[in-house]
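Start from the sequences, fold in the hints, and give me the full structure.
Protein chains in written order, with this note's numbering: chain A, 1 to 341; chain B, 1 to 432; chain C, 1 to 248; chain D, 1 to 282.
Wrong hints could be hidden among the right ones.
Calculated cross-link-like contacts (lysine to aspartate or glutamate; reagent style DMTMM-like; alpha-carbon spacing at most 20 Å) [claimed, not checked]: (1) C:Lys3 / A:Asp257; (2) B:Lys123 / C:Asp46; (3) A:Lys33 / B:Glu336; (4) C:Lys234 / B:Glu336; (5) B:Lys372 / C:Glu106; (6) B:Lys164 / C:Asp232; (7) A:Lys218 / D:Glu280; (8) A:Lys325 / C:Glu179; (9) A:Lys230 / C:Glu106; (10) A:Lys218 / D:Glu277; (11) B:Lys137 / C:Glu25; (12) D:Lys11 / A:Asp257; (13) C:Lys234 / B:Glu410; (14) B:Lys367 / C:Glu182.
Hints listed in this document are in silico derivations from the structure and should not be mistaken for laboratory results.
From a predicted model like this one, the values you see are computed outputs, not experimental measurements.
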Amino acid sequence: MTIKKIGPTTLERWVDSLIGQQRVFGAQAQGDKFAFAPLTQAARLRLDYDVAVTAPKAFLQPPCETLLRFGARGYESVLDTEPFVLFGVHPYDAVGILQMDTVFAEGQPDIHYLTRRAQATLVVCDVQNASPNVFAGCMNTAVLEEGGDVLLTRINDDYLVEGRSAKGEALMKALASEPEAEAGDLQFRKMVWDHNRQLLRRHELKVKPEDLPAMLDKSYDHPVWEEKSKRCFSCGSCNLVCPTCYCFNVREDVRWDLQNGERVRTWDGCMLTEFALVAGGHNFRRKKAERYRHRYYRKGKYLYDQHRQIACVGCGRCIGACVAKIANPVEVYNRLAEGPR
Amino acid sequence: MSQTVDIHVHHITRVEGHGNIVLRASDGRIEKLEWQVPEAPRFFEAMVRGRSFEDIQTIVSRICGICSVTHSFAAIKAIEDAMGIEVSEQTDRLRMLLHYSEQLESHSLHVGYLVAPDLLGQKSVVPLVQSHPDVVKTVIKLHRTGNQWMEALGGRMTHPVTIKPGGFASLPTEEYLRGLKKTIEGIVPDLKTLAEVVLSLAPKLPAFDRDTEYIALVDPTHYSFYHGGIGSTDTMDLTPVPQFESVVNEYVSAQSTAKWCKWHRDAFAVGALARFNLNAELLLPLAAATAKKLGLKKGCCNPYMNNVAQVVECVQITEHSIQIIDELLTKGLQPELPKVQPREGEGAGAVEAPRGILFHRYAFDKKGNCVKANCCIPTNQNHANIQKDFEALVPQIIDRPQEEIRLLLEMLVRAYDPCISCSTHYLNVEFV
Amino acid sequence: MDKPRVAIFDFACCEGCQLQIVNLEEELLDVLTLIQPVEWREALSDQSDTYDIAIVEGSITRPEDEEKLREIRAPAAILIALGACATMGGINKLKNNFAMDEVRAEVYGKDGSMPHLNTLPTRALDEVVKVDLKIHGCPINNREFAYILRCLALGKTPAIPNYPVCVECKMRGTVCRYEYNEICLGPVTRAGCNAPCPSAGFWCFGCRGYVDDPNVQAAREVMEHYGKTMDDLKSRLLLFGSGQEPTS
Amino acid sequence: MIQSKPAMEGKDIYLPEPAKLLKVEPLTRQEAFFEFTLLSGRDLGHLPGQFVELSVPGIGEAPISVSSSPTVRGYFEMVIRRAGNVTTALHRMEPGSILGVRGPFGTHFPVDTVMKGKDVLFICGGIGLVPVRSAIQYVLHHRADYGRVMIVIGTKTPADRLFAEEMEKWRKHKQVTLLETVDRRDETWTGAEGVITRLLPLVQVDPPKTIAVICGPPIMYKFVVVELIKMKVPDESIFLSFERHMKCGVGKCGHCQINGIYVCQDGPVFNFTDVREVEEAI
Ligand SMILES: Cc1cc2nc3c(=O)[nH]c(=O)nc-3n(C[C@H](O)[C@H](O)[C@H](O)COP(=O)(O)OP(=O)(O)OC[C@H]3O[C@@H](n4cnc5c(N)ncnc54)[C@H](O)[C@@H]3O)c2cc1C
Ligand code: SF4
Ligand code: SF4
Ligand code: SF4
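This is how it looks when you write it as structure tokens:
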């Protein structure tokens, strides 16, 4: 696979040409924060962003998406088949997407996600500015060792552009005449990676991520669940901002003719009170502490048991999103590491 | 021709809020003739005491669902007056732009949904859909445009949330403004259509003139909805807004839960016709042409013509909005973060609601909590005038069939576009 | 199937919720395919005493309102409370933080004792009669209103969220107001509005009322973290929450 | 652009296939009996204990167990309790209506493996009889393949009893032991009264030879399992069927998760050894 070195103007020209060809969603300033949004001109792109308010999973599993349409002809699938580029995804968010890929492909594959995913080209960009809560360095997700379609890394004022898949190479066709990266550049890039592994540690996890499942296994009755969850609003913010949370609800609505309509799926979260409520009124996780514990177990153990990957990529969004300031996984895991009490 | 007339319109329909018309007459002699307002009073001025200046707009916006933007602005202007806050020119222009959306929404609702059925001989807008689909389509388009515009700039369709002391909670994008300009240009033909309809129906408007004092905001630079001092057709002088109590002279009437008002005479009128009568020469070209076409002339004192003035104002709004947007885009939108330090003080604010001039006054303590409030609502200011109109009109029509009298009286009330739900918020005239 | 006959009534309120129905614009015609309005003072001239569904806006503040509401309830198979004033007393309940005589005197001065200016502490509809369905918000969200109407037509119980506004903020990608050090009631307020206020840069002031199990105690503790006082919180909780437990 | 067409590659796991309602009969105040057939004419192809997702256009979808044995061909049966939107809408449907079906999903009672040659003890509380009925039918269709067949059924009141006629047949079946109780008796009831656990000591089981199958309301499991353990039935011989909130039926939506396991995929039928340490399970 090729690695090109391009200057800022080339980058801008390249992005502008992509915008002409397909939908491009890129990291942009939104007030004093950053968000992925439809990119209308390369000049708006902010690859120096610290963290995107909403995880880019939103473009693969939208907050609200139509699964089926129904009417006189019965139910029909609705699939999103238009290609697009996600430009500037941070490595930890890319890991989140790769985990979602596993979930939606395994067992009975979900073609709604997979179709949209197949249309996506993932342009990953190494982090240039650490956000206030990121701890990807502790979760081994500060750098994307493999995966994604293109990897951008800033080297002084230039960018190294690495094609990581056939799709990525195709996107880079326009860069064919640009110079290849030299050994020195690659050396520099390694330094950037090493630097990022250290930089993205605004919270310091005292256990190795791979030790979390075993630790959680012993912590089911730990007092921390009760203590922390006392302040929980059951607002689900920690779920919804998470790049690896994919749970959903399904609802149905009709048009005014009451005959035609749509079945949609929306984001859902296990922290919400009614997540495990069944008909008849029994709630299988009635208590805040039960729901609170479930979230950590799901991230640190249940999904790990299934896929051998910790379902927390250290983006730190939940830490900021929690109004009650109780959703910091590092705090909780460190506390568990200290043992009971 | 002698007859006994006994009309009691309990809760007149197709107006905002509850109002009654009572007429009893025999042999042409009027025994009882009253415009009553039995709406439940809501005591906003008492309720806001103790609440922070940050929350006042949120509360008083709820005085009225149909002029919530206007109430918000009157409150914000009063708060800014009390705390000595100056807003940027950009904020000022954006506020005018937001304010206009409500005028368009309210005027098109009033003329199209509430008044048009009378003129087209229907009981409501529902049968109009069948009988006059094009009219309804036009009205819906205007109404929706006003609403979406309001939602974009105000953050919500009703009870806006972007209006804060000192500025905006969030700004629109320049792209949005460019799009809005296109949208507004797009409704100009619809307003022409509406004007045509009104023109064709104008002969159905009763010819009834009664010499009236009209009161509205007046600003030398433009046809004002948002700026200026208090003008009257009875005087050349402008009264500064902080002295509004000396203009409205509110008093409690036994036939109403709403207060009544008077200034130079025993009643005065506010609203689109009042604004027109005081500002007509400041109309922009298209609006001026529309007025001319519709036969609306400065000095008109036929209350039924208020609806015609509303159509003229819709045109004025579109022209002026386009100017404002151009101006904003030329300068480019600058991010602003309003930060306000509360301080002790008292202030007043006035803006034109679609149905007439609206005044708010508040006093705050050191922490910025409200200690006193006073709101004077346009519909209140019109109540006495409606009564005077009744008294002048009924003798002229007393010989007509009862149903016709009833319709003419209802139409008269509707012409004022009364917003009775918001008019029943009384105030203590004595202010500390 | 005959279309249900629907009557719309209002008590003390700003009529903003009825306006939201009008704001459905051309969809109002679709509404008419599902229901037959028989009384709607704000929009129609007709008045009627027989109907299946009564939609009632506004709160109860006078003895005569109470009586009228009972009359409205009697023939209705379903009574729907429309908007915050009807569902929880709304902003009108701020009045209940004062004594009624004092309120009257404050507003009307010496005229305050005139009989037609009588006022009682504000009550929500369900404090007077049985309410079958609540449509929340000040004003209501007309998309939700439309959805609820369609559900009724299908014989389906509408799904009214019982989770906080924060959920909708997150779905919209709205930056939390707490990040700007403002007090937002989103975490204890029932969603369903699609969080227009935080998305427009303003805090949620709780116009849809609390979720079923609001963690108000946590909100108290959170204030400290954001350098705010209990008074700040209480003042905001009192805006729409004056009538709701547990604010005081 | 959003395209509307059937899944391009692979099948859409969320797309229901049309099924026709053949028969509806009320059973109790809350439950009704339903008979469906797939419009395509193929058999559902389920195993006893599996469930499908039933769709009513405009209303939504709900997981419902198949109550008939796969040995019954050409149609399948269900019993549906009116609990919310979908189930209420189903109760209003007329024969001939077209609905949507996805599935079958989930695990099944091990009728062809572990249960073969063994004594089987069915313990059903209330609507728990519905999924178990398909296993009972299956076992009775292949009666010779099993040892003793014992059925223990508990219902709230006599009026809530499901399949009264069929139970009568089982009661009369020479090679079946049926014990029944109601929580609260009324004048029509001459049988036992009290909770289901009271009946268990009455069934004489040979623990190493017995396979127990349990389905009922959440609270029943706790007591029944304790009782079985007392009776020395080995943990690995106990099978339970669980019910949880679920939206997809295919292990994606997250709702039915009990600690680390998914009811829709790892269940609804579990071996007790797989769930005895799962804190949220019972
Ligand atoms: C594996 C399995 C097998 C089942 N078999 C049967 C059966 O054979 N017969 C039968 O009558 N019932 C059965 N149920 C229960 C049945 O699925 C629920 O009663 C049904 O989903 C309620 O749907 P509804 O639309 O009628 O109610 P809704 O209006 O959706 O909901 C009412 C309440 O139930 C909760 N709920 C929503 N969706 C579900 C869900 N999928 N599962 C449980 N609760 C939910 C809601 O949160 C709400 O509180 C089974 C459930 C499962 C999981
Ligand atoms: S964000 Fe915080 S308050 Fe909200 S559900 Fe998560 S832990 Fe609870
Ligand atoms: S702004 Fe308010 S509603 Fe939105 S996430 Fe923050 S606390 Fe919740
Ligand atoms: S965000 Fe809060 S205040 Fe705004 S509409 Fe929703 S519930 Fe009402």
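The hints, checked one at a time:
Restraint check for lysine 3 of chain C and aspartate 257 of chain A: satisfied, since their Cα atoms lie roughly 13 Å apart, inside the 20 Å limit. The suggested pairing of lysine 123 of chain B with aspartate 46 of chain C holds, with an alpha-carbon distance near 8 Å, which does not exceed 20 Å. Among the hinted pairs, lysine 33 of chain A with glutamate 336 of chain B is consistent with the structure: their alpha-carbon atoms are about 15 Å apart, no more than 20 Å. Note on lysine 234 of chain C and glutamate 336 of chain B: the hinted pairing is violated, with a Cα-Cα distance of about 29 Å set against a maximum of 20 Å.
Distance check on the hinted pair: lysine 372 of chain B and glutamate 106 of chain C sit about 9 Å apart at the alpha-carbon level, within 20 Å; holds. Note on lysine 164 of chain B and aspartate 232 of chain C: the hinted pairing holds, with a Cα-Cα distance of about 17 Å set against a maximum of 20 Å. Only pairs whose Cα atoms come within 20 Å are accepted, and lysine 218 of chain A paired with glutamate 280 of chain D is accepted, the gap being roughly 16 Å. Among the hinted pairs, lysine 325 of chain A with glutamate 179 of chain C is consistent with the structure: their alpha-carbon atoms are about 12 Å apart, no more than 20 Å.
With a C-alpha separation of about 43 Å, the suggested pairing of lysine 230 of chain A with glutamate 106 of chain C is violated against the 20 Å cut-off. Between lysine 218 of chain A and glutamate 277 of chain D the CA atoms are separated by roughly 13 Å; this keeps the pair inside 20 Å, and the hint holds. Annotation: proposed proximity of lysine 137 of chain B to glutamate 25 of chain C holds, straight-line Cα distance about 9 Å (limit 20 Å). The straight-line distance between the Cα atoms of lysine 11 of chain D and aspartate 257 of chain A is roughly 29 Å, outside the 20 Å bound, and the hint therefore fails.
Taken as a hint, the lysine 234 of chain C and glutamate 410 of chain B pair is broken in the structure, with Cα atoms around 46 Å apart against an allowance of 20 Å. A C-alpha spacing of about 17 Å is found between lysine 367 of chain B and glutamate 182 of chain C, which places the hinted pair at or below 20 Å, so the restraint holds.
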